[in-house]
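Engineer: Add 19 to a position in the sequence shown, counting from 1, and you land on the number used in our numbering.
Think of the hints as simulated: they come from the structure by calculation, not from any bench.
Just so we're clear, the structure is a prediction, and the values are computed from it rather than from any experiment.
Heads up, a few of these hints could be off.
Pairs of lysine-lysine residues, derived as DSS-like cross-links and limited to a Cα-Cα distance of at most 27 Å, are as follows [what the hints assert, rightly or not]: (1) Lys38 <-> Lys120; (2) Lys123 <-> Lys38; (3) Lys40 <-> Lys120; (4) Lys124 <-> Lys147; (5) Lys38 <-> Lys124; (6) Lys124 <-> Lys40; (7) Lys40 <-> Lys147.
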Amino acid sequence: MKTQKYAVNQYLIESMLAKVKEGEIAIPEIQRPFVWDGTQVRDLLDSLYQGFPVGYLIAWRNPDVKLKDGSTASGKMILIDGQQRVTALTAAVLGEQVVNKDYKKTRITIAFHPVNERFEVCNTAIRKDSAWIPDVAPVVAPGLLRSYCR
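Using the sequences and the accompanying hints, generate a full structural model.
Structural biologist: Following this line, the structure appears as structure tokens:
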């Protein structure tokens with residue numbers, strides 16, 4: 020009889036982001052830097068808002084894998100597939116800076132127009148328009164998500 024080598028689990032986005040924030044899910048050294056631009060982050064949030072599928076994340080437990088920060092995984096789940104999506108959500112929903120393809124820390128701010136139900140990358144015009152929520156991070160599930168992810 021074969022031993023099952025993997026399992027498929029479903030997690031809420033809040034739970035997954037909490038695991039990232041708490042260091043239970045880490046990015047291995049071999050992964051490329053964050054290369055998405057703001058419009059791709061916007062599109063991911065819009066897809067989630069519309070209820071569209073956004074793909075699987077693949078994580079693996081291996082204590083010997085070296086992580087981006089130079090440490091070893093030591094029992095953490097390491098992200099094999101889904102780094103761009105997870106990093107995009109960490110930036111847009113948690114409001115954290117990301118290291119971009121030029122290895123510079125940057126903040127990706129996504130705005131939301133509640134009347135038109137539209138997401139956009141925040142810019143000066145959006146910040147001046149009171150019809151927009153200029154940054155979704157402070158208003159996305161402020162109770163649950165913020166308490167879970169501190």
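Engineer: Next step is simple, just say for each hint if it's right about the structure.
Structural biologist: Here is how each hint holds up against the structure:
1. Lys38 <-> Lys120: holds (24 Å)
2. Lys123 <-> Lys38: Given pair lysine 123, lysine 38 holds - Cα atoms ~24 Å apart, limit 27 Å.
3. Lys40 <-> Lys120: Holds, because 21 Å separates the two Cα atoms, which is no more than 27 Å.
4. Lys124 <-> Lys147: Status holds; Cα separation ~25 Å.
5. Lys38 <-> Lys124: holds (22 Å)
6. Lys124 <-> Lys40: holds (17 Å)
7. Lys40 <-> Lys147: violated (32 Å)
Hint 7 from the earlier list is the only one contradicted by this structure; the remaining hints agree with it.
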